[in-house]
Amino acid sequence: MLSYALIAGVLFGLYFSLVGIGLNLVFGVMRIVNLAHGDTIMLGAFIALGVVTLAGIDPLFAVPLAFVVFLLAGVLLYWVLVPRLQGSSNPEMLSIILFFGLSQVIEAVTTIFAGTSERSIQSRLLGTVFTTIKVKWFGGTPGRGGPIQILGQGFPAPWVIAAVTSLIAIALVYLYLYRTRLGTLTRAVMSRRDEAFATGIDVDRVSAVAFGIGLGLAAISGVFAPFMFGSITPAFGADATVTSFAIVVLGSLGNPLGTALGGIVYGVCYMLVQTYLSSWADLLPYVLLILILLLRPSGLLGRRVRVA
Amino acid sequence: MSLETTPILDVNRLVKRFGGFTALDGLSFHVVPGEILGLVGPNGSGKTTAINVISGLYSPDGGGVIFEGRAVGGVASHRLVHRGINRTFQVPKPFMSLSVRENVEVALAYGRADGVPPAIDALLEEYRLADVAKRPAADLNSAQQKMLDLTRALATAPRLLLLDELAAGLNPAELDWIADRIKALAAKGMAIIVVEHLMGFIEHITDRVIVMNAGKEIFEGKLAAAVKEPQVIEVFLGGEHAA
Amino acid sequence: MHNGFKHTLIILVPLLIVFAALPGVYQNHLLLFNFVIFLILAQGVNIIYGFTGYLPFGYVGFFGAGAYGFAVMVMHFQTPAVAAVLVAGLVGIALGLLLTPLLRLTGAYFAIANLAASLAVLHLVANPALENITKGPYGVSLTGTFNPSFAYDAALVVLAITLGGVIYLRNSSFGLALQAVREDAVSAAMAGVDVVKMRVIAWLASALVAGLAGGVYAWYVSVFYPDNVFSGEFSIFAIVFALFGGVATILGPIVGVIILYGIYNLIGFTTPQYFQLVYGLLIMGLVLFLPAGLMSLATRRGWHVP
Numbered sequence: 001m002l003s004y005a006l007i008a009g010v011l012f013g014l015y016f017s018l019v020g021i022g023l024n025l026v027f028g029v030m031r032i033v034n035l036a037h038g039d040t041i042m043l044g045a046f047i048a049l050g051v052v053t054l055a056g057i058d059p060l061f062a063v064p065l066a067f068v069v070f071l072l073a074g075v076l077l078y079w080v081l082v083p084r085l086q087g088s089s090n091p092e093m094l095s096i097i098l099f100f101g102l103s104q105v106i107e108a109v110t111t112i113f114a115g116t117s118e119r120s121i122q123s124r125l126l127g128t129v130f131t132t133i134k135v136k137w138f139g140g141t142p143g144r145g146g147p148i149q150i151l152g153q154g155f156p157a158p159w160v161i162a163a164v165t166s167l168i169a170i171a172l173v174y175l176y177l178y179r180t181r182l183g184t185l186t187r188a189v190m191s192r193r194d195e196a197f198a199t200g201i202d203v204d205r206v207s208a209v210a211f212g213i214g215l216g217l218a219a220i221s222g223v224f225a226p227f228m229f230g231s232i233t234p235a236f237g238a239d240a241t242v243t244s245f246a247i248v249v250l251g252s253l254g255n256p257l258g259t260a261l262g263g264i265v266y267g268v269c270y271m272l273v274q275t276y277l278s279s280w281a282d283l284l285p286y287v288l289l290i291l292i293l294l295l296r297p298s299g300l301l302g303r304r305v306r307v308a
Numbered sequence: 001m002s003l004e005t006t007p008i009l010d011v012n013r014l015v016k017r018f019g020g021f022t023a024l025d026g027l028s029f030h031v032v033p034g035e036i037l038g039l040v041g042p043n044g045s046g047k048t049t050a051i052n053v054i055s056g057l058y059s060p061d062g063g064g065v066i067f068e069g070r071a072v073g074g075v076a077s078h079r080l081v082h083r084g085i086n087r088t089f090q091v092p093k094p095f096m097s098l099s100v101r102e103n104v105e106v107a108l109a110y111g112r113a114d115g116v117p118p119a120i121d122a123l124l125e126e127y128r129l130a131d132v133a134k135r136p137a138a139d140l141n142s143a144q145q146k147m148l149d150l151t152r153a154l155a156t157a158p159r160l161l162l163l164d165e166l167a168a169g170l171n172p173a174e175l176d177w178i179a180d181r182i183k184a185l186a187a188k189g190m191a192i193i194v195v196e197h198l199m200g201f202i203e204h205i206t207d208r209v210i211v212m213n214a215g216k217e218i219f220e221g222k223l224a225a226a227v228k229e230p231q232v233i234e235v236f237l238g239g240e241h242a243a
Numbered sequence: 001m002h003n004g005f006k007h008t009l010i011i012l013v014p015l016l017i018v019f020a021a022l023p024g025v026y027q028n029h030l031l032l033f034n035f036v037i038f039l040i041l042a043q044g045v046n047i048i049y050g051f052t053g054y055l056p057f058g059y060v061g062f063f064g065a066g067a068y069g070f071a072v073m074v075m076h077f078q079t080p081a082v083a084a085v086l087v088a089g090l091v092g093i094a095l096g097l098l099l100t101p102l103l104r105l106t107g108a109y110f111a112i113a114n115l116a117a118s119l120a121v122l123h124l125v126a127n128p129a130l131e132n133i134t135k136g137p138y139g140v141s142l143t144g145t146f147n148p149s150f151a152y153d154a155a156l157v158v159l160a161i162t163l164g165g166v167i168y169l170r171n172s173s174f175g176l177a178l179q180a181v182r183e184d185a186v187s188a189a190m191a192g193v194d195v196v197k198m199r200v201i202a203w204l205a206s207a208l209v210a211g212l213a214g215g216v217y218a219w220y221v222s223v224f225y226p227d228n229v230f231s232g233e234f235s236i237f238a239i240v241f242a243l244f245g246g247v248a249t250i251l252g253p254i255v256g257v258i259i260l261y262g263i264y265n266l267i268g269f270t271t272p273q274y275f276q277l278v279y280g281l282l283i284m285g286l287v288l289f290l291p292a293g294l295m296s297l298a299t300r301r302g303w304h305v306p
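Protein chains in written order, with my numbering: chain A, 1 to 308; chain X, 1 to 243; chain Y, 1 to 306.
Don't read these hints as lab results, they were simulated from the structure.
Any given hint could be a false lead.
What the hints assert, rightly or not - Okay, the calculated beta carbon distance ranges per label pair:
hint: 1; chain 1: A; residue 1: 122; chain 2: Y; residue 2: 271; range: 29 to 35 Å
hint: 2; chain 1: Y; residue 1: 77; chain 2: A; residue 2: 72; range: 56 to 62 Å
hint: 3; chain 1: X; residue 1: 138; chain 2: Y; residue 2: 149; range: 30 to 36 Å
hint: 4; chain 1: Y; residue 1: 271; chain 2: X; residue 2: 91; range: 47 to 53 Å
hint: 5; chain 1: X; residue 1: 134; chain 2: Y; residue 2: 285; range: 28 to 34 Å
hint: 6; chain 1: Y; residue 1: 225; chain 2: X; residue 2: 15; range: 57 to 63 Å
As the list claims (entries may be wrong) - Cut-off 20 Å, straight-line C-alpha distance, at most; resulting in silico cross-link-like pairs (SDA-like, lysine to any residue):
hint: 7; chain 1: X; residue 1: 134; chain 2: Y; residue 2: 160
hint: 8; chain 1: Y; residue 1: 197; chain 2: X; residue 2: 134
hint: 9; chain 1: Y; residue 1: 197; chain 2: X; residue 2: 22
hint: 10; chain 1: A; residue 1: 134; chain 2: A; residue 2: 57
hint: 11; chain 1: X; residue 1: 134; chain 2: Y; residue 2: 13
hint: 12; chain 1: X; residue 1: 134; chain 2: Y; residue 2: 292
Claimed, not checked - Residues of chain X placed beyond 12 Å of chain Y at every Cβ, according to the derived structure:
hint: 13; residue: 109
hint: 14; residue: 113
hint: 15; residue: 138
Small disclaimer: the values here were computed from a predicted structure and weren't measured.
The beta-carbon is built from N, C-alpha and C at its ideal position, and this holds for glycine as well.
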């Protein structure tokens with residue numbers, strides 16, 4: 001039971017890293033708390049739903065689609081909202097309120113179009129593309145898409161697929177930040193925004209792309225949300241934002257790769273509480289968030305000051 | 001000029017570290033009432049850190065600060081204000097959305113030192129803020145914000161005043177004018193510590209200077225004598241600090 | 001306090017008279033009651049956000065805790081309603097005290113931590129394991145104290161106290177010092193202000209206000225579920241109303257509540273998502289085009305707004 005909880009915790013943890021990493025990237029680059037982050041995740045889930053119900057294909061195809069759509073949406077949104085915000089007297093406080101407003105708009109519009117009922121996707125649909133390829137190229141019969149064996153225990157296939165996708169996505173974020181020119185500039189802006197301005201870096205361009213990538217990553221994590229949490233509703237966004245914040249703060253705010261650690265710690269705690277103290281599991285993200293903020297304000301990895 | 005001889009402030013082997021960096025490394029000096037003491041030294045020599053420790057922004061990691069016979073190292077800033085220490089900031093941060101007058105009113109209402117606080121109108125008049133008294137502090141230019149910061153400090157009637165680069169950015173006429181104001185305050189018995197880069201200004205107003213380097217005192221005495229000391233010349237002209 | 005007296009006379013007294021008289025001429029008493037509740041909550045947000053700069057995303061936590069404080073007293077101790085409302089206020093203060101460490105956080109950290117705290121209290125109250133005390137997720141029914149007209153009067157008293165507090169803040173050096181702390185804590189300390197003490201006082205005052213409001217609300221509605229009294233909409237509405245009018249003024253939050261909550265009820269949205277859409281857009285428009293609220297239209301022209 002313990003080893004099951006631990007392995008499941010790591011699988012969920014990798015997924016939670018993906019859930020939080022976009023929020024952290026946006027904060028790290030822009031010092032803006034994107035309170036509509038959870039709503040982007042929720043929209044990603046609806047893209048997966050759309051892919052399944054309209055096109056009838058593997059929801060995995062929603063991953064690139066969600067990323068591209070939200071990358072573009074993010075860049076556009078950045079240019080509409082952020083420059084005006086940064087001209088104001090208290091951009092940080094106003095950004096919280098602004099993105100809170102945006103999250104309300106997203107939730108409302110989604111509710112208007114999709115209703116409030118809970119939606120889910122049959123978990124066997126995820127990953128059918130792999131079985132199809134296997135059958136086409138190597139012959140044989142389609143499997144039943146049952147659980148995947150890890151260390152002698154069976155775990156639902158979507159958990160494993162989500163964890164692997166998350167790992168790939170995080171690795172790509174790493175490559176972007178450390179192996180591309182724009183990524184290097186992004187890191188420069190993250191560490192010293194003022195100086196980046198002074199050295200002639202096009203901070204707005206770097207930020208716009210980072211914002212787009214942040215939303216794109218959130219949307220990808222949303223694709224898996226129906227499988228990881230059973231079902232989703234338009235109201236899912238608010239909880240997802242708080243959870244993401246807890247994960248990000250655990251890792252350390254402003255350090256996107258720290259989020260990977262935060263996600264795993266969070267995932268393992270989540271599974272342990274689910275297993276041993278299930279009636280209190282709802283309290284976990286909130287209590288964990290408050291404790292971390294108060295006891296270890298810089299996160300498990302970071303050193304950034306957030307205290308008055 | 002005759003000075004009282006009992007120090008109002010006695011800084012004794014003060015140490016302040018930030019992580020692995022030692023900003024103050026056994027700094028000692030004293031000030032007597034009515035004296036204007038200059039703290040000079042290259043950037044990073046610990047002048048502002050010294051001011052921050054004396055005004056309670058940082059707790060010292062070693063050594064002591066004695067003000068009017070009582071140890072005040074590590075005492076909270078607002079308590080030090082009540083005991084008679086105040087300061088200005090290199091980059092003043094007035095209460096931007098409050099009016100100039102309200103900025104000073106807060107200090108008058110909450111900053112009661114034992115002395116008699118000056119009348120607010122006279123204070124605003126004296127520091128050339130009377131015309132803008134009703135405007136929000138955000139409307140002031142940076143020189144005016146510095147004067148507001150000084151006015152805020154003076155409203156608490158301090159007996160020890162720490163001025164952190166008050167003169168930087170003022171034009172020559174303003175410099176003469178503020179030098180006269182500072183001297184007038186000292187003449188009434190206020191002890192004043194001035195951190196400044198403008199050597200002419202320092203020479204004009206101070207009775208004595210402490211030259212600092214790497215968190216330590218390397219010279220104490222008249223500025224005119226300091227500039228003849230090889231060690232001081234080395235610090236100011238040698239190495240990377242040559243300017 | 002000459003101005004304070006004037007403000008009491010021209011704002012507080014007329015407002016109370018109007019809301020005391022309205023139930024006689026207007027049939028929808030629940031609506032009037034909700035107006036009074038939002039007037040209280042918007043001013044509570046004003047105290048902590050307007051004067052102190054902390055954005056309380058989880059403000060409803062105090063409200064819900066107050067409502068449950070009331071319910072527990074009535075259910076388990078058969079306390080008279082008025083005493084239970086006072087306990088509700090104390091519960092608000094107690095929760096505020098418990099959360100004072102959050103004041104070490106700034107900006108977004110505080111806002112999110114506060115939101116998390118309110119959700120934690122909700123999940124605690126609604127936990128089936130605590131059914132014996134709070135009735136868990138199954139809700140409470142307090143028919144014994146049911147008396148809407150007394151509860152309405154009690155709400156007016158709480159409103160009067162709250163407004164009195166805000167009038168004091170607007171006209172005293174205490175309120176000025178709070179704003180100084182909001183603008184710059186270091187400079188405020190150098191003006192002799194005890195920054196920590198001021199923040200805690202403002203925080204507890206706004207917690208008290210919300211706790212009392214929650215108690216009165218529980219008294220008025222008498223049957224409710226955790227999700228009702230911990231609904232994030234209380235926080236959101238209170239913040240938006242206060243911001244819309246303009247914080248750190250007496251009049252701003254009042255104008256905000258009357259205009260926005262008035263419009264909300266006039267249009268009579270039958271589907272909440274349309275209102276959510278409208279206020280979402282409103283919040284965004286507000287931040288982008290009128291960040292200091294309606295009252296700033298007047299102050300920009302140099303007029304003094306109480």
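Just tell me: holds or violated, for the beta carbon distance of residue 134 (chain X) and residue 285 (chain Y) against 28 to 34 Å?
holds (31 Å)
For residue 271 (chain Y) and residue 91 (chain X), compare the CB-CB distance with the range 47 to 53 Å and indicate the outcome.
Holds, since residue 271 (chain Y) and residue 91 (chain X) (Cβ atoms, about 52 Å apart) stay within the stated range.
Is the straight-line distance between the alpha-carbon of residue 134 (chain X) and that of residue 292 (chain Y) 20 Å or less?
holds (19 Å)
Decide if the proposed pair is consistent with the structure: residue 134 (chain X) and residue 13 (chain Y), CA atoms, cutoff 20 Å inclusive.
With a Cα-Cα distance of about 29 Å, the restraint between residue 134 (chain X) and residue 13 (chain Y) is violated, given a limit of 20 Å.
I want to verify a distance hint. Is the separation of the beta carbons of residue 225 (chain Y) and residue 15 (chain X) within 57 to 63 Å?
Hint holds: Cβ distance 59 Å, inside 57 to 63 Å.
Against chain Y, does residue 138 (chain X) hold up as non-interface, every C-beta pair farther apart than 12 Å?
Its Cβ does come within 12 Å of chain Y, the nearest being 10 Å, so this is violated.
Hint consistency between residue 134 (chain X) and residue 160 (chain Y) [alpha-carbon to alpha-carbon, up to 20 Å]:
violated (31 Å)
Do the Cβ positions of residue 138 (chain X) and residue 149 (chain Y) conform to the proposed distance bound of 30 to 36 Å?
violated (48 Å)
Does residue 134 (chain X) lie within 20 Å of residue 197 (chain Y) when you go C-alpha to C-alpha?
It is violated: about 28 Å lies between the C-alpha atoms, which goes past 20 Å.
Is the Cα-Cα distance between residue 134 (chain A) and residue 57 (chain A) 20 Å or less?
With a Cα-Cα distance of about 16 Å, the restraint between residue 134 (chain A) and residue 57 (chain A) holds, given a limit of 20 Å.
Beyond 12 Å from each Cβ of chain Y, as asserted for residue 109 (chain X)
It is violated; residue 109 (chain X) is separated from chain Y by about 4 Å at its closest Cβ, not greater than 12 Å.
Is the hinted range of 29 to 35 Å satisfied by the C-beta distance from residue 122 (chain A) to residue 271 (chain Y)?
holds (30 Å)
Going through the hint list in order, the structure does not satisfy hints 3, 7, 8, 9, 11, 13, 14 and 15.
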